[in-house]
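S.K.: Model the full assembly from the supplied sequences, consistent with the hints where possible.
Protein chains in written order, with the numbering used here: chain A, 1359 to 1738; chain B, 1359 to 1738.
Note that these hints are calculated values from the structure, not bench results. Don't take each hint at face value.
No distinction is drawn between identical chains; accordingly, a pair holds when it is met within one copy or between any pair of copies.
Below, simulated DMTMM-like cross-link-like pairs (lysine to aspartate or glutamate); rule was C-alpha separation at most 25 Å, straight line [claimed, not checked]:
1) Lys1486 to Glu1722
2) Lys1381 to Glu1404
3) Lys1493 to Asp1648
4) Lys1384 to Glu1722
5) Lys1701 to Glu1466
6) Lys1523 to Glu1572
7) Lys1467 to Asp1671
8) Lys1486 to Glu1410
9) Lys1684 to Asp1484
Residues per chain are reported as follows:
Protein chains: 2
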Amino acid sequence: MVYFDNAATTFPKPDEVYDAIMKSMKEYGANPGRSGHKLALRMGREIYETRELLAKLFNIDNPMNVVFTSNCTESLNLAIKGILQRGDHVITSSMEHNSILRPLSSLEKEGVELTIVKGDRKGRIDAKDIAKNIKNNTKLIAITHVSNLTGTIMPIEEIGKLAWKNGIFFLVDAAQSAGVYDIDVKKMNIDMLAFPGHKGLLGPQGTGGLYVREGIALKEIKQGGTGSLSHMLEQPDIFPDRYESGTLNGPGIVGLGAGIKYIMKTGIENIRKHEEELTKHFIEGISKIDKVKAYGPLNVEEQGAVVSINIGDEDSSEISYILDEKYDIEVRPGLHCAPLAHKTIGTFEQGVVRFSFGPFNTHEEIDYALKAIFEISREI
Amino acid sequence: MVYFDNAATTFPKPDEVYDAIMKSMKEYGANPGRSGHKLALRMGREIYETRELLAKLFNIDNPMNVVFTSNCTESLNLAIKGILQRGDHVITSSMEHNSILRPLSSLEKEGVELTIVKGDRKGRIDAKDIAKNIKNNTKLIAITHVSNLTGTIMPIEEIGKLAWKNGIFFLVDAAQSAGVYDIDVKKMNIDMLAFPGHKGLLGPQGTGGLYVREGIALKEIKQGGTGSLSHMLEQPDIFPDRYESGTLNGPGIVGLGAGIKYIMKTGIENIRKHEEELTKHFIEGISKIDKVKAYGPLNVEEQGAVVSINIGDEDSSEISYILDEKYDIEVRPGLHCAPLAHKTIGTFEQGVVRFSFGPFNTHEEIDYALKAIFEISREI
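M.R.: Here you go:
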């Protein structure tokens, strides 16, 4: 089986991740921050270690500014709804995932002004287009780092500067970049960074997080027990407790920590280089196959390890079905929860067949996929 | 080590739970409902099986009315914020956890009317007190099934009848009862049932759920990718997708399914009987120790496997510390995220030392704890 659906969730995970999850469940599977006993303290310490690892990875000064969530979508909802109020203006792009577009669309109905800057046919966003749309009441710019459809890398450092100069909060969706591309919240002027735990960071599903810059007070979207200031009926005003109501996914967060340690040990630049080579190999291969239409920059300088294609006018689901059934290759067809991005690149009707590569994919797998695509292209 | 903190999270889990989680991560750790390939479909099927098991356990007709969340707190927030609007009246009790009190307290500031019915000194809620407080605009009654402080079992069937007769929605917090006590949403007229996965249901942390009766449309608290109706910028109006934005905790939900299967195989009545015997044994033992003050009904007919005590006027944290350090017994001191419940039973200043038992505790462990309590009571 060849797994090329790493943009949905990376598979497999490093063995260290499986081992860390099992160890935490079997040896100290208690509730962190809820009791003072040995097991609870151990779980609390291990969770804190993951906060520290994330802080180190993203150049965050204080690990307590990392909030754990259940996935990147929850992180984005918390950031967006926590900061925007009726009358505020927000700028985003047509390349966003529904995890940004749907919360914004829901706030638009409640009186938030929304501008969606359009990408070009390769899925590129121009910082100048964002600059042009800044108004007096612009409070937030929310942009993905790497498109989940075309892999396009967005100019987030440039947009970060723009946001900083204009006193606008800058939210980055690192769903496709965390763990593969360098992210430095200080250098890039990122005020809020949303990331999943189960993609590039190689942790398990059920984990994610949001970095919130010191001094930003978001309205929380959930209230409940935090194990802190339990005498109060008001949600405590403490980071990260205010945003972490209820029992955290302890073993999941420990597994995420193991994923980050694996990345640091391997070297993020080595992982990126490996994925770039696979992507380049794949792009070169498909460019030689007649009938294949490929989307996005098709250039690893501008693109993450995501390549979307179609074969002729064939429905993307049909091609994916053949890849799965006949070749045991797992890819993702359809709209990828990014409808405006598909409209931007002109694939809203047909969808695309998305290939997304991870650290454990090989050049042999790419060759095998290219052979499969070639054969299918001859048969249809 | 003796673990008596099962009300915070059950520990250990059955071996089947560990095995199911590992198997799902290693063999089919893909993203459910996001792709059509074999691994994604397998994960989707396994998640659906957990929905079915929950439906069977709680007598729910349609498994699609079970929404997965990251914990019981999220479930309660979704239920409470999804149904209440400015001008509505809600009745709850002083025995609730902050996971009910804090969301309600936050809504009160936005114009929701809140009545908190007081329990008696044993933590009991009288359905008549709820009846007395029903008004024309009462939309919701939100009550815990079993108190996390005193273990008191609340008359939810009686309250359910009352709610049904008056056309009021009934939300039950099953944080301390799911997996141990019989819950029948039809017989008990429960409109919404919030439950954690990692307590009595023996699943891992990072799991929880909310049953929502057919025909109730809650406002969602998060929007995002659902893998369904991806072409729309509006959140889809489909159960359970509307409430499950972003990647689910696949392996966690599979582990939860294994926990429920373990419960069904063992027999929920056998688990309950075992916990009742342990509780009875413990209550009888502490009643013979001078200086021990015990709270709650102190009667297994009226009480779950949670017993809270103090020794003289000693601070509850100090006693817990000695139990941990000297005896290797893990309990939970303090306020247990239930400040009004502590006020109700008169322990707001001192806190209590909470012992909570699980299916894997033994009578020998109870004897050992009683001996420890006796020794501590002689020394202080």
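S.K.: Of the hints given before, which are not true for this structure?
M.R.: Violated hints (numbers, rising): 1, 3, 7, 8, 9; every other hint is consistent with the structure.
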